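So you can see what is in the structure, the chains are spelled out below.
Number of protein chains: 4
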Amino acid sequence: MNGNEFGRLFRVTTYGESHGDAMGCTVSGVPAGVELSEEEIQRELDRRKPGQSMITTSRDEPDAVEINSGIQDGYTTGTPVGMVIRNKDARSGKYEPFVTAPRPSHGDFTYSAKFGTRNWGGGGRSSARETVNWVAAGAVARTALEQSEYDVEIKAHVNQIGDVEAPEVDFEEILEHSEGNEVRCAHPETAERMRDLIDEYQEAGDSIGGAIYFEARGVPRGLGAPRFDSVPSRLGRAMMSIPATTAFEFGLGRDAREVAGHDRNEDWEFDEGEGHSETVSEEGDPVPVGNDHAGLQGGITTGQPIYGEVSFHAPTSIPKRQTTVDWETGEEKEIQVVGRHDPVLPPRGVPVVEAMLWCTVLDFMLLGGRINPDRLDGKVGEYDTEYHPSSPENQ
Amino acid sequence: MNGNEFGRLFRVTTYGESHGDAMGCTVSGVPAGVELSEEEIQRELDRRKPGQSMITTSRDEPDAVEINSGIQDGYTTGTPVGMVIRNKDARSGKYEPFVTAPRPSHGDFTYSAKFGTRNWGGGGRSSARETVNWVAAGAVARTALEQSEYDVEIKAHVNQIGDVEAPEVDFEEILEHSEGNEVRCAHPETAERMRDLIDEYQEAGDSIGGAIYFEARGVPRGLGAPRFDSVPSRLGRAMMSIPATTAFEFGLGRDAREVAGHDRNEDWEFDEGEGHSETVSEEGDPVPVGNDHAGLQGGITTGQPIYGEVSFHAPTSIPKRQTTVDWETGEEKEIQVVGRHDPVLPPRGVPVVEAMLWCTVLDFMLLGGRINPDRLDGKVGEYDTEYHPSSPENQ
Amino acid sequence: MNGNEFGRLFRVTTYGESHGDAMGCTVSGVPAGVELSEEEIQRELDRRKPGQSMITTSRDEPDAVEINSGIQDGYTTGTPVGMVIRNKDARSGKYEPFVTAPRPSHGDFTYSAKFGTRNWGGGGRSSARETVNWVAAGAVARTALEQSEYDVEIKAHVNQIGDVEAPEVDFEEILEHSEGNEVRCAHPETAERMRDLIDEYQEAGDSIGGAIYFEARGVPRGLGAPRFDSVPSRLGRAMMSIPATTAFEFGLGRDAREVAGHDRNEDWEFDEGEGHSETVSEEGDPVPVGNDHAGLQGGITTGQPIYGEVSFHAPTSIPKRQTTVDWETGEEKEIQVVGRHDPVLPPRGVPVVEAMLWCTVLDFMLLGGRINPDRLDGKVGEYDTEYHPSSPENQ
Amino acid sequence: MNGNEFGRLFRVTTYGESHGDAMGCTVSGVPAGVELSEEEIQRELDRRKPGQSMITTSRDEPDAVEINSGIQDGYTTGTPVGMVIRNKDARSGKYEPFVTAPRPSHGDFTYSAKFGTRNWGGGGRSSARETVNWVAAGAVARTALEQSEYDVEIKAHVNQIGDVEAPEVDFEEILEHSEGNEVRCAHPETAERMRDLIDEYQEAGDSIGGAIYFEARGVPRGLGAPRFDSVPSRLGRAMMSIPATTAFEFGLGRDAREVAGHDRNEDWEFDEGEGHSETVSEEGDPVPVGNDHAGLQGGITTGQPIYGEVSFHAPTSIPKRQTTVDWETGEEKEIQVVGRHDPVLPPRGVPVVEAMLWCTVLDFMLLGGRINPDRLDGKVGEYDTEYHPSSPENQ
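Protein chains in written order, with UniProt numbering: chain U, 1 to 395; chain C, 1 to 395; chain L, 1 to 395; chain F, 1 to 395.
Rather than coming from a laboratory, the hints here were simulated on the basis of the structure. Just so it is clear, the structure is predicted and the values come from calculations on it, not from any experiment. Hints should not be assumed to be uniformly reliable.
Copies of the same chain look alike in the list, so a pair counts if it fits in one copy or across any two.
Straight-line alpha carbon distances no greater than 25 Å define the calculated SDA-like cross-link-like pairs of lysine to any residue that follow [said to hold, decoys possible]:
{"#": "1", "residue 1": "K49", "residue 2": "R193"}
{"#": "2", "residue 1": "K333", "residue 2": "Q202"}
{"#": "3", "residue 1": "K320", "residue 2": "D263"}
{"#": "4", "residue 1": "K333", "residue 2": "F270"}
{"#": "5", "residue 1": "K333", "residue 2": "G290"}
{"#": "6", "residue 1": "K320", "residue 2": "Q202"}
{"#": "7", "residue 1": "K49", "residue 2": "D206"}
{"#": "8", "residue 1": "K49", "residue 2": "S37"}
{"#": "9", "residue 1": "K88", "residue 2": "S37"}
{"#": "10", "residue 1": "K320", "residue 2": "E269"}
Kindly generate the complete structure, drawing on both the sequences and the hints.
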């Protein structure tokens, strides 16, 4: 069995373990003609990087990306973009006591049960370190989309840590504030309170759960395919692939249970040029009154913003004493997971959630014929005598 | 673009529109040697069928399944099982007013935006009628699993309608009670209250949301593949493919946000023969103390029960007056969706959620080598001189 | 395991056994807006149909196709086209002697070895009857392509039966003559000689091999994807899926072994408006001098005609006495396969080879962004107020 | 569009261009518990490596493989094996004259026509350099298969160069002699004559075509899936993906055209313990008398040897003067491809053909449940307390 691939036309294949030599990511299906450099990808990786602040693991990883293929003279060539990110600060020695004594609520037991072995140095392939690959792929998708004729915007922020919930903030606030604090909460006062709460748990040798709110604007109408490739279906898979997620919701989410049809249903009106969904509808187009449907009806995009939430359980690696059993010795064992671990996941999860959205949206754009899979500029069927980036003078 | 396929080795491909000629489902990857008849499938279809009670649509569909291939002398042959379910009571005429005037919160607009056309008789392919195919496929998966050497049990029930929530009930109660009332709630008193609430909404020409709780027991340890084919990832896709779902949760779900690591983490102990997870662990095996992890650690099964919830928004087809616009005439329009519609979705959603689980679990069993993909009996590489069902005397 | 699917965006899923109830085919990924009727598909099925002449099996199958979904008011809607073709003249009784005694060189033994059972009435799923599904799918692809803005032409003919080889004929001759005789050889005199040869073998209770030459014109430049989805790679799979094929060649094929690089290499010149490759290049475009490359360089289309050959071994069902063993009785057995069988395969294989080409070419057009996957007319991202075929007046 | 992936359960994803930084290969679906080292892979890469002799390109590439993931203490862990092979001797400068003037019969024009650009330094992704990835993946497959309970043997040799054909040699001779000369022809005298012929062409600044014969022994009965995943279908795709192939044949191949059914059909007899197909059938099993069917009936394995041939056209990079046109200047141009190129492809193609076979056979073994996809040793559903390689003492 495999399971290391994501996407259909924009297709990401990954490898790598937490304390192995390197993480790797092959991105296939990038249209030719996207201006792309390691810097663009690095910028996103740096947002996810460990050691950014006191509330992230102190593991010292530069997460420097190296592009091995798929680029010529600064532009993508349509062939796969191969990337490698080396692990520098791997220290698997400290995991020795746990080789046959599974850490509570980690993947230690299940990987061993599946494979009869596992990479016991840290979480191996079950580690969230894997998401460095996803952020790299997401950066490629974002770069491609931003250079397309579409004006897609994607942003996420942390809207809950423990019992501290952020009030609703609008998209512009998220764009402006979410990167302004270590917690990545777009409501600064709440961010302070979240930070205090995280400190409390960290000091107690414990960890705490939380959530991320995400939003995508400017996604064209008519994307997503009936039934198993609907947008909710694909987003559900994308988000539930992120380690430690326990819930995916869009629109009214769980609250939809208590809402009547007549309240949730949204009438249609004509766009009067007042910007219901500025980037995608024009004056005279039918637009829904309201967006409880989160941009998705029948699983296909209406052009309204797509939004939702992803819940994360608390990190399982905590310094507090816990009990396990050693299946080799047959004995109980007290353990402390003393590594360098995050006390909370959503702050570093924000770029991961965004990456999954960029990848998913670009894939739908390619599948729905909105962006030409061969070339970003959409001129098709012609070799191009004018394409200067590929001529040697431009090197 | 397509999107009409589900699963990898146990693979379901479907077609059909709500008011078209027939629904169809091809199930590929059924191991040979499963005793299977139309009756087995019909039994499941009858659970999903319209017109079961006052709280379901009165559309009169026998939903009679016809198997066209893949069976010989009552046993599967390993070749695809092709099924057709004819639509008998299609009445698309009454949808004429809505051809260019999208019904509020349906897929009318998005299908037209995508395809420039749509099957305007009813919901076409966006209709929940499609799930008849899924239930048929699920019945095949269930039959195969039940004849395997594994003892997998899957059951769901309705645990919330509007603001009426069922108390927690254990798996045995769900098995016993969930089919005992029209609401399919395993807590009979709550079922009464739900029924009353539904009546209220129905009388008001309105509809209401709700939720389904599901559980799978006896799923072997070590299933699911690292990362994009993890069990949560695949279940997330499966459940979010179901029409009108807005949230997927497993384990603590959304509540995990507020739970500390030390509280959620579960120590390991040795199975002392007291039946922590009766069907899959044996005395002396490590077992987790508790099941907040819902049988899934690192995305792979621990052998403990897998459970979660799926939220459904209220049906969008309601008799109450609503407003829309006609994009051909450019005029506003009052509409009433007067068809035969369900006032609430979860009661008929129960067999659908179960079907997606059966399909997903069997697919993981095949992918993980637990069941031989060619033959249910697992003897491999040998033509079988003893296989009586295929001999002519047995016809 | 499965294996009942073909194509990526234009995706065909099939079921059915030779002597089962029905053959079925789901075509997913048909763009919306293609005018399509059962007649269009029937016309192609009739070309493949048994009983056309003395040199085809006398099995009496009308091969009437029934479309169950995906069409509204005569146009495709973008949702899957589900088709069923019922088996009328199934007579599995006469196969009883062979249930545990495999016919020489059929799939009897291998199916039993794989599945521990098989559909013993005729060839079951290994029968060439399955190709009725492929021809149905090919007819859908052809119809879509013919209504697109591209001018793709595809035609095949029988260029060898036994040792009777047709001289090279040009494409126009193939278009004109290949359907003019029962053998489907575009060179009428050769067709006569082939016919005589076939008669000889048929009278002797024997069968004979042969070959089909195919050609596709007007396929745009730049189709096919580097490496595993190159055009030769996909055509290789398509053609070698056809029952009884033993060789696939394109361009110089097997003869390329003996040709020097300097002889095979083709210089480039500018199109001087004389029609090197009329439909795809324009005056001033670079065009290769010659077409030994068969329209494919680096696995991607040059715009020149794509051509090649497919070899078929002799039908394995022959009246001549042969010997087998019965694995149940442990005894040797003389057998005669007295069914209604073709003495030669290529004449009925012509529409099958063409169908695989139509499907493959359309899939590449969709994958390469030449045809919009959602809508044939290529206007994207807009619901269409002018799309009359979907309005009720047009029924 | 993509196309950089091969296989279903044993799945290979690649990247890299001829004169880029590195080639990369991710192998997903390797069962856990395979003893694997870089040395094993290197041994195969060295067989394909440039600069082995006078008849291969003099490009100086060590082709040193670096494994980045998927291995713990010398054994595979079931997670993807990520490999990188750096390009050391890339010299793209000399390709500058050809940026807008396509080399005859290369992929220059088609890549430009597809992507509007291309990696103009050498063949970019169309170069046979890509096959270094395939050989690396094949080495992983081979290692896994050789450590399984099955006794699969795969070997190929060059059986034709230009008009010099090798006589038929048996499998043991191929095993013994094919690596004994630079041409990789298992018939030493013929190898001499081939070598002379190659020299002639090389001296004339030209190149010549050829062919490879391959054989696989010990492949279990019952592998391959009806129809589009039949063994011929998958092998057809595998072999036609190899650059410069123009024909794929198995069994009688093209010659099957002229053979009567009664001559090709093979009676069945009982294995009398004389070793018809030593490794897979036992005394008393039905076995076919002869192997014109090349181990494949109905597309599924009979257990007899699978064999066939692949034809290669002459290398397109030749020093002889040729003519092209420059689409930027609009002028004709004389060119000489003066790089370091092979005068003939089959000698270095032998390890590539073998690699595609190893990958394909292992994939079928996994898909058919012959080898457990999670663990080579096949014990399933149990964490393994005895699995020493994963314990720290063994490092």
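Next on the checklist: Which constraints among the numbered hints does this structure fail? Numbers only, ascending.
Outcome noted: No hint contradicted; all consistent.
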